[in-house]
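K.L.:
Take a look at the letters that make up each chain.
Number of protein chains: 2
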Amino acid sequence: MGIELSTLGRHVLIEFYGCPSEVIENNSMIERFMNEAAEYSGATIVESVFHHFNPYGVSGAVIIEESHLTIHTWPEYGFASVDVYTCGDSVNPWKAADYLSEKLHATKTESFEIPRGMADKIRQFAEQEIDQIKVKIELEGVK
Amino acid sequence: MGIELSTLGRHVLIEFYGCPSEVIENNSMIERFMNEAAEYSGATIVESVFHHFNPYGVSGAVIIEESHLTIHTWPEYGFASVDVYTCGDSVNPWKAADYLSEKLHATKTESFEIPRGMADKIRQFAEQEIDQIKVKIELEGVK
Numbered sequence: 001m002g003i004e005l006s007t008l009g010r011h012v013l014i015e016f017y018g019c020p021s022e023v024i025e026n027n028s029m030i031e032r033f034m035n036e037a038a039e040y041s042g043a044t045i046v047e048s049v050f051h052h053f054n055p056y057g058v059s060g061a062v063i064i065e066e067s068h069l070t071i072h073t074w075p076e077y078g079f080a081s082v083d084v085y086t087c088g089d090s091v092n093p094w095k096a097a098d099y100l101s102e103k104l105h106a107t108k109t110e111s112f113e114i115p116r117g118m119a120d121k122i123r124q125f126a127e128q129e130i131d132q133i134k135v136k137i138e139l140e141g142v143k
Numbered sequence: 144m145g146i147e148l149s150t151l152g153r154h155v156l157i158e159f160y161g162c163p164s165e166v167i168e169n170n171s172m173i174e175r176f177m178n179e180a181a182e183y184s185g186a187t188i189v190e191s192v193f194h195h196f197n198p199y200g201v202s203g204a205v206i207i208e209e210s211h212l213t214i215h216t217w218p219e220y221g222f223a224s225v226d227v228y229t230c231g232d233s234v235n236p237w238k239a240a241d242y243l244s245e246k247l248h249a250t251k252t253e254s255f256e257i258p259r260g261m262a263d264k265i266r267q268f269a270e271q272e273i274d275q276i277k278v279k280i281e282l283e284g285v286k
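From first to last, the protein sequence lines stand for chains V and H.
The C-terminal position of the first sequence is numbered 143 in the numbering used here, with every residue numbered one higher than the one before it.
The C-terminal position of the second sequence is numbered 286 in the numbering used here, with every residue numbered one higher than the one before it.
A couple of the hints might just be wrong.
[To be verified] Short, incomplete list of chain V residues facing chain H, as computed with Cβ under 7 Å:
hint	residue
1	G18
2	Y40
3	G42
4	H51
5	A61
6	Y77
7	S81
8	S90
9	V91
10	W94
11	F125
12	E127
13	I130
Hints are computed from structural coordinates only; laboratory data are not their basis.
Quick reminder that beta carbons are idealized off the backbone N, C-alpha and C, glycines included.
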């Protein structure tokens, strides 16, 4: 019935500096890269929403069954800021991060991972008794 | 023409423990709270996407002109994990955080802020010469 988790989620924050503006000003390509990154990491895409700024730059989120990916780009500064938040053990957020690193051609990338939803704290502060903390399985069928 | 920024964005990460399940299992209420939090912080909402899990829990993002808010809830564990990422100086991410704190009735809240898009690094690693780093103003009219 699933392996007990020490944290529900893994959140990777990535700053891409020195990206060629022809890459990060291409809004439809950025949306495609984000969706491909999600798929490459093993995630199941639920929805993808992107806002194209006038005159340039994009803000977007890919909601995945395992949480989300977001991006904000500033082509005028060669900068893109990405988050990959995944839950469970079937998806590796670093695969999405690596995929985007390859595509965005940054001269410098900074990234780190923050655990989200630590099981010990969830148990400590819960109002109810909690037994094992496990990966959420989405059920098929009528809600 | 705008004040020079030391960072493009401010990213607040919040973990809400011990939330009453009747609050965080109410998917439509969570979506409303997230949109209200965005408005309360002074943000302009672009789009709101929420995925309701079967049997319970919600994952969602509110894309704002100033970046994004996301949430993931685990009613079975009384846990909700929130991000508020804002750009520029017209929106205060902590106002959204405080609004959600009030609404989610957590027994314990942990939060911290991470600067995103630090101007000095953007300038250091850019391929082009960058003068002042300023708030992005969205232009009206045809792209």
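K.L.:
The structure should be examined with respect to each hint, and the outcome stated for every one.
P.N.:
To see whether the hints hold, each was checked on the structure:
no.	hint	result
1	G18	holds (4 Å)
2	Y40	violated (20 Å)
3	G42	violated (16 Å)
4	H51	holds (5 Å)
5	A61	holds (4 Å)
6	Y77	holds (5 Å)
7	S81	holds (5 Å)
8	S90	violated (15 Å)
9	V91	violated (13 Å)
10	W94	violated (18 Å)
11	F125	holds (4 Å)
12	E127	holds (5 Å)
13	I130	holds (6 Å)
This entry does not satisfy hints 2, 3, 8, 9 and 10, going by the numbered hints stated previously.
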